[in-house]
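Chain S is fixed; fit chain G onto it per the hints.
Spelled out from the first residue to the last, the chains are:
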Amino acid sequence: MAAPPERRWGEAVLNLYIVVFFVYLFAPLLVMSLAAFNDFQYPSVTQWRGWTLRWFGELARDVRLQQGLINSLLIAMGVIAISLPCGLAGALILTRLESRWNGLLYGILVSPILTPGIILGISTLILWRNLGVPGGLFLACVAQSSFIASYCMLLFMARLQRQDRTLEDAALDLGASNLMVFRRITLPFLTPTIATAAVIGFLQSIENYNTTVFAIGGQWTLVTEIGSRFRFGLTPVINVIGVIFVVITIVCAVIWTVLRQRERQMTIR
Amino acid sequence: MRSLVATYGRGLTALFCGLALIWLLGLIVLPQLFMLERSLWWQEQPAEAFALTKRIDDLYNEVSLLEFDRRAAEGEEVAQLEARIAAKRAEIAELEAVEVAPVRVYGLANYVKMSGLHFWIFVKTIFYAMLVTLLALVVCYPIAFAAAQLASPANAALLLLGLVVPYAINELLRVYAWLMILDYQGVINSFLAWLGLVDFEKRTWVPFLEYPGAVFVAMVYAYVLFMVFPMYNTMETLDRNQLEAARDLGASTWRTHWRVVIPHARPGIAVGCIMTFMLSAGSFAVPQIISRGTGGDWFSQLIYRQFFESFNWNVGAAYAFTLLLACIVFIFLVMRLAGVGIRDIAK
Numbered sequence: 001m002a003a004p005p006e007r008r009w010g011e012a013v014l015n016l017y018i019v020v021f022f023v024y025l026f027a028p029l030l031v032m033s034l035a036a037f038n039d040f041q042y043p044s045v046t047q048w049r050g051w052t053l054r055w056f057g058e059l060a061r062d063v064r065l066q067q068g069l070i071n072s073l074l075i076a077m078g079v080i081a082i083s084l085p086c087g088l089a090g091a092l093i094l095t096r097l098e099s100r101w102n103g104l105l106y107g108i109l110v111s112p113i114l115t116p117g118i119i120l121g122i123s124t125l126i127l128w129r130n131l132g133v134p135g136g137l138f139l140a141c142v143a144q145s146s147f148i149a150s151y152c153m154l155l156f157m158a159r160l161q162r163q164d165r166t167l168e169d170a171a172l173d174l175g176a177s178n179l180m181v182f183r184r185i186t187l188p189f190l191t192p193t194i195a196t197a198a199v200i201g202f203l204q205s206i207e208n209y210n211t212t213v214f215a216i217g218g219q220w221t222l223v224t225e226i227g228s229r230f231r232f233g234l235t236p237v238i239n240v241i242g243v244i245f246v247v248i249t250i251v252c253a254v255i256w257t258v259l260r261q262r263e264r265q266m267t268i269r
Numbered sequence: 001m002r003s004l005v006a007t008y009g010r011g012l013t014a015l016f017c018g019l020a021l022i023w024l025l026g027l028i029v030l031p032q033l034f035m036l037e038r039s040l041w042w043q044e045q046p047a048e049a050f051a052l053t054k055r056i057d058d059l060y061n062e063v064s065l066l067e068f069d070r071r072a073a074e075g076e077e078v079a080q081l082e083a084r085i086a087a088k089r090a091e092i093a094e095l096e097a098v099e100v101a102p103v104r105v106y107g108l109a110n111y112v113k114m115s116g117l118h119f120w121i122f123v124k125t126i127f128y129a130m131l132v133t134l135l136a137l138v139v140c141y142p143i144a145f146a147a148a149q150l151a152s153p154a155n156a157a158l159l160l161l162g163l164v165v166p167y168a169i170n171e172l173l174r175v176y177a178w179l180m181i182l183d184y185q186g187v188i189n190s191f192l193a194w195l196g197l198v199d200f201e202k203r204t205w206v207p208f209l210e211y212p213g214a215v216f217v218a219m220v221y222a223y224v225l226f227m228v229f230p231m232y233n234t235m236e237t238l239d240r241n242q243l244e245a246a247r248d249l250g251a252s253t254w255r256t257h258w259r260v261v262i263p264h265a266r267p268g269i270a271v272g273c274i275m276t277f278m279l280s281a282g283s284f285a286v287p288q289i290i291s292r293g294t295g296g297d298w299f300s301q302l303i304y305r306q307f308f309e310s311f312n313w314n315v316g317a318a319y320a321f322t323l324l325l326a327c328i329v330f331i332f333l334v335m336r337l338a339g340v341g342i343r344d345i346a347k
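Sequence order for the protein chains is S and G. Residue numbers for the first sequence follow my numbering, so the first one is 1 and each next one is one higher. Residue numbers for the second sequence follow my numbering, so the first one is 1 and each next one is one higher.
Everything labelled a hint here was simulated from the structure, so no lab data went into it. Note that this is a predicted model, so its numbers are computed, not measured. Where a beta carbon is used, it is the ideal one built from N, C-alpha and C, also for glycine. Errors might be hidden in some of the hints.
Stated by the list, open to error - Label-pair restraints from in silico Cβ distances: (1) F332(G) x D164(S): 31 to 39 Å; (2) E263(S) x I262(G): 17 to 25 Å; (3) A157(G) x S99(S): 27 to 35 Å; (4) Q242(G) x A27(S): 30 to 38 Å; (5) E263(S) x L30(G): 42 to 50 Å; (6) N155(G) x R129(S): 50 to 58 Å; (7) G339(G) x E98(S): 19 to 27 Å.
The shape of chain G in the complex, shown without the other chains:
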């Protein structure tokens, strides 16, 4: 900090610190804390208070009924009805004076109350996200290796450009492209129909979209880049002579990868896995577009519904925090397994 003041003076340093503080507190820490706080309470009315509220509602209904009668009434009935209305109104006023607003109750109920089904969806989502990560790792490893070690510089640049181009197209549109391929009357089913294997008239098409595999394919497709690039960056720094040496000393291809390439690329592999897992566990767009409610929910869709369909923000916040915890645990686990620090992540 002293060197900052020495170079830029007090005024600028204060400005930098102020900006960083606004970002740190206003955009990162406080939102998370408020989300945590929100997940820890719910609104509740004590049982007797609930009865009271019900009684007040009933009275209001009776009053409106009586007023309706009064408008039709004639002669002495009017006075009679008005007296009854006044009596009811008095009772309402009396009860409302002692009525209590719903109180906030703090506790873990929003977490504990998660139903069996929702918990199952949570476990499934985490499991699927891991599977997507593993799949992406297997799919991308050869590509990253080829681009980093085997290809000539010009070819490598072309390879990387080819990887980036699909990524400039929006995630939703990328997934949408897969929807068109896997749909009931999509490209694959049309091909099968052409072969005479399925019949659209009889609706015997293969319901790809209802299989979890459809989401996997689209997700791997959507997040491939986040796996390839970190791996490519670390593999590129590997000296090619090491590969030659391993080969000259008689190591098989597998052994070379296992003992030379993978240990060297470990930080990149870890970062790729972390990014892919985080993106797929929190992915809202992919399952929403692909499954459209037919293939079972992912946890992210559940969270969305808590907020915008059941309007239960407290439970939604609890679910969101659960997902965040799962991601944090995964990140630390991978960092531990790969023996890399937080500093390695940001390359």
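Same shape as in the complex, but just chain S:
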């Protein structure tokens, strides 16, 4: 059945729009990546001085950026260690609590996602200043955890809503201890979500700028260091970091696609 001409036009316009949209998404990344290979001291693609790999070498010698990466990883570890247990606790309570306070509690625990990042950073900084703790890695970790825990909680809640609680009841009836029920039934059921939450928390933490820049004090992470380079002079080293991000992402995306396809083929068989 042929579509009427009007509809075909509509689809052509839409397809064109999608193409334009993806050019909008990817062209900037292409420009940025290209400048990483330009043998010119300022990041540029228009003043082309020939291909070079020298900025990769510069990155390898850049101690501040490397220390920043280490700090970012440390913070991410801390964030995961705080966010997963807190998020899980919140999710367990919210899925079981039958009270009119449930809505309010939910609203408060979700609110950090809806709060601008700079405000999370500022409020954490002010609270801990009163306790005599200055900005630094620890505060960055705490500030990020406030909203990353909310993401974790939402993931856990989505999973817990599909949980078959009769399993736990059965285990209890058969004489399992409470701890054993949690360890042998609830945790295994949540394992995939724990992995997802850890990955998402890790990525969110590494990426974060708005919250971290207020809470980090005199320390720095990879991202805040990049941020301060915008003020104090840019070199294509920053573009090299961009290229590395792009490559890692594309590799992950390809692996993910391949795995998914294989999974689909398995289910078809």
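The following block gives chain G in isolation, referenced to the frame of chain S:
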């Protein structure tokens, strides 16, 4: 709560409650309360106390001058100078005994004192953030619809993957890519120069970065995903038969969207708008990188300066709280308009 105790026992339940409480109080509620508290006071010295402090400072200066003289002095002058120094020191001690430290004064002055310029920047920021939200909505709606309803499953997965890939790259770097395009000697201006429309030597390039539009483009780019995904999630649940039915009954494309797709996708649209507005109103990185002080400040930059350049945390806290209030008002407004509850937001 009873069912929690029944399944996990008292010990584990207490642990869960403890963890949740630490998070709730320590990471969410207390920081906000302390920020609010901080915004409600400032340090002040009464007028006479100020004069007193000034007098004490002057005395200290005189004492150091006299001591300097004494070192050069000889004979009986020494004793004379020492006597004068002692007298001054006594006066200092006397005055310091009655000197009062600056006192905390509570009030709304940190909010009210906001200068005309700062208030204008606040209004402008909120307005711009709304504009960015609207722009993102218009740009993303067709994409979300195409991915959810028109594309085959394999194509849809590809579309979504294409959307996610730029997002794995850091926000700063994404914005930086736009900086390279819009810069004075960036890609667009170089193209214009190649066409002979502008001349770098004469500095007749188009100063894109100084226009608010540059920040818009970069912001829409930076936050597109937060608009597409909530919309996609709700649109995906729409039964395609409904679209067919609408079309068979003679509805035009516009009418189908207005009466079928949009009402169904309302929660997703609301969430997308809320996220985009919140991110752009509170965005610090985008205006900082793009405008670099040439295109006028956003409110977030103002807040940053209150903290780290003028070291006036009280005013900074007041500004931050103002921004938070604006976001809360926006969230409730959108939820009201779209008729969705807080539970719908978290999907």
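Hints, one by one, checked against the model:
Our hint of 31 to 39 Å for F332(G) and D164(S) holds, since their Cβ atoms are close to 37 Å apart. For E263(S) and I262(G), the Cβ-Cβ distance of about 35 Å falls outside the hinted range of 17 to 25 Å, so the restraint is violated. For A157(G) and S99(S), the hinted distance range of 27 to 35 Å is not satisfied, since their beta carbons lie about 41 Å from each other. One distance hint, 30 to 38 Å for the beta-carbon pair Q242(G) and A27(S), holds here, with the actual separation near 36 Å.
Between E263(S) and L30(G) the beta carbon distance is about 45 Å. The supplied range of 42 to 50 Å therefore holds. At roughly 52 Å, the beta carbons of N155(G) and R129(S) sit within the given window of 50 to 58 Å. The hint said 19 to 27 Å for the Cβ distance between G339(G) and E98(S), and at roughly 25 Å that hint holds.
Checked against the numbered hints above, the structure violates hints 2 and 3; every other hint is satisfied.
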